[in-house]
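Asker: Sequence:
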Amino acid sequence: MFEFNEWSGPLLPGFLQGLVFAVILALRGYREERISDYLAALLLLMGSLYVGQWMLGFAGWYDAHDWRTTLMFYIEWKNLLAFGPLIWLYFRALTNTDFRWERRYWWHFVPLLIVLLEPIIVFLYDWFFWRLIKGAPFEFFYGTRGPAAEWANNDNGFQFWYYGVAAFSFCHLIFYLVKTLKDYRHYRQYLAAEFSNANQLSFSHLRFTLYLMLFGVSLTFLLELGNLIYSTSYIDSWDSFFVMSVFTFLVAIQFLTISPTATRALRFEPEKQTPTTTPADSSNPKPASNPAASAAVVDEDLQRWAEKLTQRLDSHEDYLNPDLKMGELASQLRTNPSILSKVINTVHGQNFNDYINGLRCEVFLDKVRAGEHLRHTLLSLALDCGFNSKSTFNRAFRKYAGKSPGQMVREIGPES
0 MFEFNEWSGP LLPGFLQGLV FAVILALRGY REERISDYLA ALLLLMGSLY
50 VGQWMLGFAG WYDAHDWRTT LMFYIEWKNL LAFGPLIWLY FRALTNTDFR
100 WERRYWWHFV PLLIVLLEPI IVFLYDWFFW RLIKGAPFEF FYGTRGPAAE
150 WANNDNGFQF WYYGVAAFSF CHLIFYLVKT LKDYRHYRQY LAAEFSNANQ
200 LSFSHLRFTL YLMLFGVSLT FLLELGNLIY STSYIDSWDS FFVMSVFTFL
250 VAIQFLTISP TATRALRFEP EKQTPTTTPA DSSNPKPASN PAASAAVVDE
300 DLQRWAEKLT QRLDSHEDYL NPDLKMGELA SQLRTNPSIL SKVINTVHGQ
350 NFNDYINGLR CEVFLDKVRA GEHLRHTLLS LALDCGFNSK STFNRAFRKY
400 AGKSPGQMVR EIGPES
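If you use numbering that gives the first Met the number 0, the sequence shown corresponds to residues 0 to 415, in order.
Honestly, I wouldn't trust all of these hints.
Stated by the list, open to error - Derived lysine-lysine pairs resembling PhoX-like cross-links, with alpha carbons at most 20 Å apart: (1) Lys324 / Lys341; (2) Lys307 / Lys324; (3) Lys402 / Lys366; (4) Lys389 / Lys402.
To be verified - The calculated label-pair distances, taken between Cβ atoms and stated as ranges, are: (5) Ser390 / Asp62: 52 to 62 Å; (6) Asn4 / Gly405: 51 to 61 Å; (7) Val177 / Arg394: 24 to 34 Å; (8) His315 / Arg103: 42 to 52 Å; (9) His315 / Ala369: 19 to 29 Å; (10) Gln331 / Ser258: 27 to 37 Å.
Just so you know, these hints were derived from the structure itself, not from any lab.
Just so it is clear, the structure is predicted and the values come from calculations on it, not from any experiment.
Note that CB positions come from ideal geometry on N, CA and C, so glycine has one too.
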């Protein structure tokens with residue numbers, strides 16, 4: 000049934016893990032109503048299908064001359080045009096809890112559907128016309144494939160088409176990888192602007208997952224192109240399938256480690272422009288007599304909002320909440336996040352994340368001056384100040400003070 004050897008064996012772990020984890024992610028997606036898990040499951044399924052052709056081929060399925068050989072000819076194993084859109088849409092769905100599938104997303108899969116027309120026509124001709132309607136047996140390759148599959152498995156003067164598809168597939172992938180990296184850069188800016196503790200949501204493993212997908216799929220494509228041009232034997236193509244197997248094995252683990260609870264607060268929409276309206280009261284707009292006067296009014300209004308912000312934070316100490324979000328703070332001030340963001344950016348010259356962490360660092364330093372570090376660990380003090388982890392605290396403190404917390408404690412803290 001399956002012949003283990005030095006060619007099929009190394010491909011099996013990635014193939015099986017891709018299928019198993021695809022089922023797990025699909026079930027989690029159904030339970031949690033998460034489109035990102037469905038997209039991750041599709042990515043793993045595409046990876047397993049790609050690996051499956053060579054794995055089963057080296058395991059003897061092409062030489063079995065029975066239903067297994069027929070299966071090899073009528074499944075479209077290589078769906079490389081699906082990877083680019085799936086990676087991009089997965090990232091978009093993962094970073095936006097409100098992400099919903101829209102009809103416009105289907106357009107991203109039109110190139111794949113065009114390429115799939117040939118195998119679909121081959122399948123319909125051989126199985127519905129040749130076998131079902133005509134009632135004729137398969138006569139080619141030891142009776143395992145029909146005339147359409149026989150034609151498709153020979154060049155028939157269409158070799159230029161396969162080279163063209165390969166070249167287009169590579170350009171198609173590059174386009175979506177660049178698009179995904181661009182969105183990721185905007186995502187990091189979004190975190191800094193919207194969350195006071197963005198470290199957990201920045202997902203170091205998300206970055207690793209993205210880079211793993213970009214590297215794994217890109218390397219597979221490069222090897223595929225090289226084999227298409229220079230290969231003299233089907234064995235030469237094994238390396239591209241091995242790379243895809245390793246990629247599928249590793250990325251399956253990464254997909255599963257991204258917890259649904261950690262992403263529920265995300266509402267990242269890269270195409271959504273930040274409103275450029277000023278905090279001034281727009282209920283009764285008046286034309287400005289001159290630009291200088293208008294700028295002065297705006298500056299005064301920003302200062303007024305900055306004073307309200309300071310009063311709010313001094314009296315309620317919202318920054319001690321490790322899950323503080325700009326939207327929540329703006330709601331408390333009875334304004335909107337765009338106005339609050341402009342106040343913090345313009346008056347304080349910082350983004351929301353740095354501004355709130357700066358206040359937390361000040362509280363930490365006050366505790367050190369009071370000698371609390373003699374009774375508690377620095378991490379305990381940091382958590383009391385609103386930081387949610389040691390790494391976040393150390394990074395924020397170095398950015399704020401230019402020194403490590405330990406160095407600052409030795410300089411200003413009273414000794415026991």
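Asker: Each hint should be assessed against the structure and marked as holding or not.
Answerer: Hint-by-hint comparison with the structure:
1. Lys324 / Lys341: holds, 15 Å
2. Lys307 / Lys324: Distance ~17 Å between Lys307 and Lys324 Cα, so the pair holds.
3. Lys402 / Lys366: holds, 17 Å
4. Lys389 / Lys402: Status holds; Cα separation ~15 Å.
5. Ser390 / Asp62: 52 to 62 Å: Since Ser390 and Asp62 have Cβ atoms about 55 Å apart, the given range 52 to 62 Å holds.
6. Asn4 / Gly405: 51 to 61 Å: holds, 57 Å
7. Val177 / Arg394: 24 to 34 Å: holds, 28 Å
8. His315 / Arg103: 42 to 52 Å: holds, 43 Å
9. His315 / Ala369: 19 to 29 Å: holds, 21 Å
10. Gln331 / Ser258: 27 to 37 Å: At roughly 28 Å between Cβ atoms, Ser258 and Gln331 fall inside 27 to 37 Å, so the hint holds.
The structure agrees with every numbered hint stated previously.
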